[in-house]
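**Student:** So the protein sequences, as listed, match chains A, B and C.
To convert, take the position in the first sequence, counting from 1, and add 25; that gives this note's numbering.
To convert, take the position in the second sequence, counting from 1, and add 2; that gives this note's numbering.
To convert, take the position in the third sequence, counting from 1, and add 258; that gives this note's numbering.
These are calculated hints, taken from the structure and not from any lab test.
Computed from a predicted structure; not experimentally measured.
C-beta atoms are modelled at their ideal positions from N, C-alpha and C, and glycine is treated no differently.
Any given hint could be a false lead.
A short list of chain B residues far from chain C (calculated; beta carbon distances all over 10 Å) [unchecked claim]:
{"#": "1", "residue": "Leu-35"}
{"#": "2", "residue": "Ala-58"}
{"#": "3", "residue": "Val-60"}
{"#": "4", "residue": "Asp-61"}
{"#": "5", "residue": "Val-86"}
{"#": "6", "residue": "Leu-102"}
{"#": "7", "residue": "Asp-139"}
{"#": "8", "residue": "Gln-141"}
{"#": "9", "residue": "Val-193"}
{"#": "10", "residue": "Leu-263"}
{"#": "11", "residue": "Ser-264"}
Computed cross-link-like contacts, DSS-like style, restricted to lysine-lysine with a CA-CA straight-line distance of at most 30 Å [claimed, not checked]:
{"#": "12", "chain 1": "C", "residue 1": "Lys-535", "chain 2": "B", "residue 2": "Lys-163"}
{"#": "13", "chain 1": "B", "residue 1": "Lys-190", "chain 2": "C", "residue 2": "Lys-762"}
{"#": "14", "chain 1": "C", "residue 1": "Lys-762", "chain 2": "B", "residue 2": "Lys-163"}
{"#": "15", "chain 1": "C", "residue 1": "Lys-721", "chain 2": "C", "residue 2": "Lys-475"}
{"#": "16", "chain 1": "C", "residue 1": "Lys-432", "chain 2": "B", "residue 2": "Lys-163"}
{"#": "17", "chain 1": "C", "residue 1": "Lys-730", "chain 2": "B", "residue 2": "Lys-163"}
Estimated spans, in silico, between C-beta atoms of each pair [claimed, not checked]:
{"#": "18", "chain 1": "B", "residue 1": "Arg-22", "chain 2": "A", "residue 2": "Phe-247", "range": "28 to 34 Å"}
{"#": "19", "chain 1": "A", "residue 1": "Leu-90", "chain 2": "C", "residue 2": "Glu-729", "range": "32 to 38 Å"}
{"#": "20", "chain 1": "C", "residue 1": "Asp-597", "chain 2": "B", "residue 2": "Asn-53", "range": "24 to 30 Å"}
{"#": "21", "chain 1": "B", "residue 1": "Leu-275", "chain 2": "C", "residue 2": "Asp-597", "range": "38 to 44 Å"}
{"#": "22", "chain 1": "B", "residue 1": "Leu-275", "chain 2": "A", "residue 2": "Gln-255", "range": "53 to 59 Å"}
{"#": "23", "chain 1": "C", "residue 1": "Pro-368", "chain 2": "A", "residue 2": "Leu-34", "range": "43 to 49 Å"}
{"#": "24", "chain 1": "B", "residue 1": "Val-38", "chain 2": "C", "residue 2": "Lys-372", "range": "17 to 23 Å"}
{"#": "25", "chain 1": "B", "residue 1": "Asp-162", "chain 2": "C", "residue 2": "Pro-371", "range": "39 to 45 Å"}
{"#": "26", "chain 1": "C", "residue 1": "Gly-539", "chain 2": "B", "residue 2": "Trp-80", "range": "49 to 55 Å"}
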Amino acid sequence: MLAFILRRLMQAVFVVVAMVVLVFFGTYVIGDPVWMMVPGDATIEQVGEVRRTFGFDQPVYVQFLHFLGDVVRGEFGRSYVHGTSAIALILARMPATMELAFAALILAVVIGLPLGLFAGLKPEHPAARAIMAGSILGFSLPTFWVGLMLIMLFSVMLGWLPATGRGPVVSIFGLETSMLSLDGWRHLLLPALNLALLKISLVIRLTRSGTREAALQDYVKFARAKGLSQSRIVGVHILKNILIPIVTVLGLEFGSLVAFSVVTESIFAWPGMGKLLLEAIQRLDRPLIVAYVMVVVLLFVTINLIVDILYSALDPRVRLSESEA
Amino acid sequence: MSEVAALPPPESAFGRFARRFIEDRVALIGLGLLVVVILVALLAPWIAPQNPYDLASVDVMDSRQPPGSHAGEGFTMWLGSDGVGRDLLSGILYGLRISLTVGIVSGVLAASLGLMLGLLAAYAGGRTETLIMRVVDLQLALPSVLVALILVALLGKGVDKIILALVVVQWAYYARTVRASALVERRKEYVEAARSLGLSHARTMLRHILPNCLAPVIVIATVQTAHAISLEATLSFLGVGLPQTEPSLGVLIANGFQYMLSGKYWISFFPGLALLVTIVAINLVGDRLRDVLNPRLER
Amino acid sequence: MRMMFKAVSFAVVMAASPALAADLRIALSSEPSAADPHYHNLTPNNQVVRHVFEPLVFMDEFQALKPGLAESWKVIDDLTWEFKLRTGVKFHDGSPFTVDDVIFSLNRVPNVPKSPAPKTAYVRGKTVEKIDDLTFRVKTATPEALMLNHLANIEMMSAKAAAGVSTEDLNAGKGNVGTGPYQFVEFVPGDRFVVKRFDGYWGAKEPWDKVIFKFIKSDPTRVAALLSGDVDLIETVPTADAQRLAKEPKVAIASALSNRLVYLHMDRYRAETPFVKGKDGAAIPNPFHNLKVRQALTKAVNRPAVVERIMEGEAVPASQMLPDSYAGTSKKLKPVEYDLAGAKKLLAEAGYPNGFKLTIHGPNGRYTNDSKIIEAVAQMFTRLGIETAVETLPPAVFFSRASAGGPDKQPEFSMILAGWSAGTGEPSDSLKALLGSYDAKLGRGSANRGRYGNPAMDVVLDKALATVDAEKRAALLAEAAEIAMNDVGLIPIHYQKNTWAAKKGLKVTPRTDEYTLAMSVKP
């Protein structure tokens, strides 16, 4: 187990290094960040000064060596624009993104599971067909488009929910969250729903196919023959068996939620790290892009690792096959 | 000759497949829609009222006209016009071409690359396999939208660049699937037989293993093409995708985004609808293909 | 599901209850990078720190200069100015504002570490001499006509509270002590900037207890935030929504002609320019050296069409560097009339009866509707017979290449669209930077990406820059503008309008300099 974890971490380090080198030289090739920093009416002299201050006048390999030197000293660079530690900037924004992704995950389960169960238990029912058709739609709708429609409908036309931003934030056990107040949830609901849409479809489909498979299993038939109530069969026998794969897949999908939050955050002005990345890309704020890539790659590798470990711990079949082999 | 005989007769296999496919009415509708979408995209230069890329025929005086208005040049703009006076129907028809091209070309390239590497991994085994599969794992661990976003930001705008980025984020899905099915095929008797007959590795791989891996590849290809089209639209929306002057559907929607609240819904709505229909059609077909070709494959 | 329903029904109740009456919530379209007034000389930064910190000289909503923390001033000689500070001005920590704070602030400006856009140019060559606690003199090396404009850009910090504090300290609120009508509360990057009223302010008391600036970059989202009541005021109303918001009963619009010019620059330094080709694709001599070609191009631009169809009325056709309501502009210059036939004739006379091929480059997302304007101009040039292609680039890429992308770090493109905002509120900077003959040592032509040069204009401009007398200077500047515009040194398209939209009942005074200030908003 330990060797497995170590190997994965080594890989992670390799990806981080590769991505950092790519991003570093890539941003150098795209353009000179100085033009996004100085005001439009800056003189040649001012531009030159700023260039020297930040070392943009040096050849790229010298800049890279400076950067490596900083990394060795434990400093991962300061944002050109904000002048503060890039990693700190990202970590400060991370709770907002995590909260959004987490809320989307909850919505995906709360909405997707009952619909999927229904569609799986009564596959021929018209409502079930509608649900499945809806799930294809959910897969197909582009996130950015839906986001705007949600704002149009719920904020502008109906005026029920705020269009933008995050509610009041409280700190609990050192974790920042806006989920403890009603106003927080009002702000959270629309972006979370927008982000959850794809995953709702995914949960519906997973649940449906899992339910259909489970319904044909001997133990369910047996339970039915025993005269157990439908709700008990569903609640205990079916749900228990389909939850493990769903949880696993959702764990893996958490990473994609964090990634897609780039889109949702930019539409709903959600102050998360995805929005920060887009701004950094627009301003060619190289230290910030590099830091984002590092943080996010580590995050994904960690999520995948945890899911893998949990999966092998939870699912008896995985253990069985391992012991047989 | 003996090799050809060893393969199942293609007509009957396809016939069986086609018969099963059309059993599902919804899938049939999907297929019909897809055929229509591809046809209008192909025929765009002949059926579009305007060449939206020819600046001499686009007039800013026609900008932001509602559906059904008449353009300065006389034709009717059935779906209205966009912010620079482009006829939206023409824009959508041409935009479909770009979106489909991006989706299909990137899909074919990614599938070819994935197929080759997947087969290589399965057939070669050992170090080669480990290396390829580690890269696949890493690739799949990173969300495609993020990788594509960073890649396109680094590469710059343009159809070729976005295709390259989409190939990079897609190939790993194919490689993983192909390797898995190739491993299964490799153990089968006919491969052993082919090898004991002294056929070359390449020949065994291409003539015997490859055809048997194609079914899952086709299924993934449909899903991935839809995904690629949607991803291109998303990237264009975020401002890193395709250039403004020769818009894809994504660019058209993004351009209409600023008009959403001012009541000029059509600029963004109709391209959005076209995008939706395209993706839904592909997904419906893909869904059915999965059921028919490989019932065990679940995403 | 039930939880969701509950949340929604509560939401209805919450939305119905009014926000605290004396709080003002403003949505900004771009966010500041820091709360340090001397860190980053960009409008998004300057406008928020201006609530907390004040300069010696104020600019009013028309960018006219007004006494600020300096109550009065006089010119002693060409190289010496004397300033008298306002009495009774207190910092937020209660300490009095004196000449020591002025000296501290002017000294701090060039010494902010890692500043991405320092305000150093405003203090260069100026030495301060203290007369008494409230009087000081500024000596300059050369006559400084823009002394007051420069001082209007330097915020006064407290020598005591801000001694040794870094930009990060100021972001966190440490030493963030000014004399402004509002006190710093917090700065949350990516989200908000909050200030509260300072009750010991020397001027009129502000009506708002607390002002919350939210950063909402996306245009439709910002409009939606106003319509749904999330915010009370939005800046940079998108052109697409201005007309609709004007009709909205619960919204009030305030708009002012801005100091921002959108223009085209043509390559004037190369014999052959890379993005101009003959109709057959062969290289041809640079046609922009021919005055008739330039005149044809400017005549072919249908400015009213751009203003009406692209900017939806949120702009005004341009004739020179600044609208002629500003001092130093020429009243003789009028926007060039659209005249396609006349343009075709000029083009034929210039020797291009069949036109040529051209690619216009421009940024995408830097100026309002920039890529659309380029497309519209390209349509117009194509009608003239010049087969025009358009390439828009992300701003960062565009400006690197347009400024130094070519060989020898020279501008790369043949024709570009760009914008210029006259921060000083007069045209000398614009003329010097955009049209002055390129000379890095003299700092002339710093944004002259076409490398236009006209010695006759340089002479008049230099004379204007050395003239301290306001009226004489204005006449010289107008003359310089006429020389350059009659020579079509650049093709002006339009001046943008700045538009704000507020909840009905708020009175907003629009500003020409694009600044969004709580001080301009009254209940």
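**Student:** Which earlier hints can't be squared with this structure?
**Tutor:** Failing hints, ascending: 2, 3, 4, 5, 10, 11, 13, 14, 15, 16, 17, 19, 22, 24, 26.
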